[in-house]
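Participant: Here the working numbering is used: position 372 in the sequence shown is 354, and no number is missing along the way.
It should be emphasised that the hints constitute simulated quantities derived from the structure, not laboratory data.
Keep in mind the model is a prediction, meaning the values are calculated, not measured.
Treat the hints with care, as some may be off.
Each computed DSS-like pair below joins lysine-lysine, with the alpha-carbon atoms no more than 27 Å apart [claimed, not checked]:
1) K244 <-> K406
2) K244 <-> K399
3) K506 <-> K547
What follows is a set of in silico ranges between Cβ atoms, one per label pair, in the way DEER data are often shown [claimed, not checked]:
4) R535 <-> L483: 24 to 32 Å
5) A17 <-> A49: 19 to 27 Å
6) A174 <-> V53: 47 to 55 Å
7) R91 <-> V6: 21 to 29 Å
8) D424 <-> E529: 19 to 27 Å
9) W336 <-> G29: 41 to 49 Å
10) I497 <-> L130: 41 to 49 Å
11) V219 <-> R91: 45 to 53 Å
12) L83 <-> W336: 44 to 52 Å
13) I497 <-> H460: 17 to 25 Å
14) A17 <-> L130: 21 to 29 Å
15) D532 <-> R425: 23 to 31 Å
16) Q450 <-> N507: 35 to 43 Å
17) L130 <-> L211: 50 to 58 Å
Glycine residues also receive a C-beta, built at the ideal position from the N, C-alpha and C atoms.
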Amino acid sequence: MPRRTRMLNARVLRIVLLAIVLGVAASVIAKVLVALIGLITNLAFYGRWSTTFVNPTTLHLGAWVIAVPIVGGLIVGVMARWGSTAIRGHGIPEAMEQILLNESRVPPRVTWLKPVSSAIAIGTGGPFGAEGPIIATGGALGSLLGQLLHVTADERKTLLAAGAAAGMAAIFSAPVSAVLLAVELLLFERRARSLIPVALATVTATGMRYMLMGTAPVFPMPDVALATLPALGMYTVFGILVGLVSIGVTHATYAVEDTFEKLPVHWMWWPAIGGVAVGVIGYLMPSTLGVGYDNITAIISGHLGLGALALLCVAKFTSWVVALGSGTSGGTLAPLFTIGGALGGVLGIAVASWWPVLGVDPRLAALVGMAAMFAGSSRALMTSVVFAFETTQQVHGFLPLLAGCAAAYLVSGLLMKRTIMTEKIERRGVRVPSEYSDDYLDRFTTGEVCTREVVTLRVDQRLADVLQWFVSGDTRAHHEGFPVVDAQDHLVGVLTRRDLLAPKHDPEQRLARLICRPPAVVNKNHSLREAADHMVDCDASLLVVVEAGDPRRIVGVISRIDLLKAHSRRLYEARVPRRHLFGTGRE
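Work the whole structure out from these sequences, hints included.
Facilitator: In structure tokens, the structure reads:
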């Protein structure tokens, strides 16, 4: 008989402790990564030894600044070829692939190769944020911990997600959105046994960030007023428009990647080729170089005019899409926030100038655009909404954010099959879950679904009599398995047709002598999920359902066909009824 499934067990405490350790480690790694990016930036653009986090500049190098991203891309290409190809890209799709196909086993060398390669790419002007590398590094660290210790593949997935979420929380001081990111993009579930460790990992990482980097919002902005109803309508329209653009951004990203695939040179050289575009654009517009967190702050604070926002949106997009498509090591979050924020700011300024009566705040429009771009391209709806709040701490932005992100998600879901996070791995045949619903089999008990009219055999029957019954034409003899009972109708065992038709048996034997293993049973209060899992564990095609207080008293039987039939109600609930809006019709 199967064990009853429990929401939590004692093993969760062990995973929680490991997740807390990951939270501490991720915060330290985040601090080290930021310092490493600062060191490389200072060396590459200023010629000085310093770990201070600064923006790249063209003042000291002039046109030679074009060469810096090329050199950085060349180094990353060498590291990818002779270190690990897993460092290419922005990290989250690769983590998804390891979770879905490889039992969450990330190669250990990625734990240090990813942050170092990303620091080189970003420090030499790559238009990426530090969050993607630290998310990938935290996930790799969690996976490594799970490979070193005696844990299940499911627990290893939780540790990977906890490390990744802790990395995001440590960079952005956004623990709740980090948990939501793990749920929407990595865990593919929302269960207490995985949610609690991930949550405590992000709490720990955020607390450590407060100690190491301070408590100020990552993207500070002036307070915004509560949105009026007309303004909410416009923010929703902005979400639709940004959602449409997010589809184009996703398609463009992979179109550039496909173009690089056609180049007649080894992929090791692609990041250096992409560095040419980064360098040229950076020379013409230095604000596109590096992480660009200052750009996001300037956008949502209203410090940039219409022309500056439009130019930044186009230039950052072009630089980032070429760099990412070249296969260098970088992230997507900060560039998408910059592009979406600049686009939202353009829309907000335009509407505020033409129709001031609507009460649209360009700063809030930029914030909505920032979040809606990520929601549309990744379909991480709640992550986008909560992230924008946590990084700005603007309570009055919640409602516009929810409206804009939901609209972007709607447009993206209707018009785009895959997302920027899943396109790469789905092209390789990996099926990524897109919707997480409750387990339908967990809604019903075996007692509700089982077949009550049970065909049984007696322990004292001769095998010859049963074989004669098989050829008699009785339809009841066509079952694949039969419970065997004693004189008091108590369950003794189960015999299958294969057992009964085996030629080695003497036809004069009594059935009691043919029973060689205990029956696979469930009680009538077990769920269908528990029954299905028990079937797999026992390699049984038939389970006997018994009374909860008397495991020998038969209630019915459950077959694999019965389990499939249980889904008929789910299919019925999803079926559109055939009736007119104002008519009675028939379903």
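Participant: Are the hints correct? Go through all of them and say.
Facilitator: These are the hints, each one checked on the structure:
1. K244 <-> K406: 16 Å, holds
2. K244 <-> K399: This hinted pair holds, its Cα atoms lying about 24 Å apart.
3. K506 <-> K547: 17 Å, holds
4. R535 <-> L483: 24 to 32 Å: Given about 29 Å between the Cβ atoms, the range holds.
5. A17 <-> A49: 19 to 27 Å: Holds, at about 24 Å.
6. A174 <-> V53: 47 to 55 Å: 49 Å, holds
7. R91 <-> V6: 21 to 29 Å: 22 Å, holds
8. D424 <-> E529: 19 to 27 Å: 21 Å, holds
9. W336 <-> G29: 41 to 49 Å: Holds, since W336 and G29 (Cβ atoms, about 48 Å apart) stay within the stated range.
10. I497 <-> L130: 41 to 49 Å: Because 45 Å falls inside the window, the suggested range holds.
11. V219 <-> R91: 45 to 53 Å: 48 Å, holds
12. L83 <-> W336: 44 to 52 Å: 51 Å, holds
13. I497 <-> H460: 17 to 25 Å: Given about 21 Å between the Cβ atoms, the range holds.
14. A17 <-> L130: 21 to 29 Å: 27 Å, holds
15. D532 <-> R425: 23 to 31 Å: About 25 Å separates the Cβ atoms of D532 and R425, which means 23 to 31 Å holds.
16. Q450 <-> N507: 35 to 43 Å: 38 Å, holds
17. L130 <-> L211: 50 to 58 Å: 56 Å, holds
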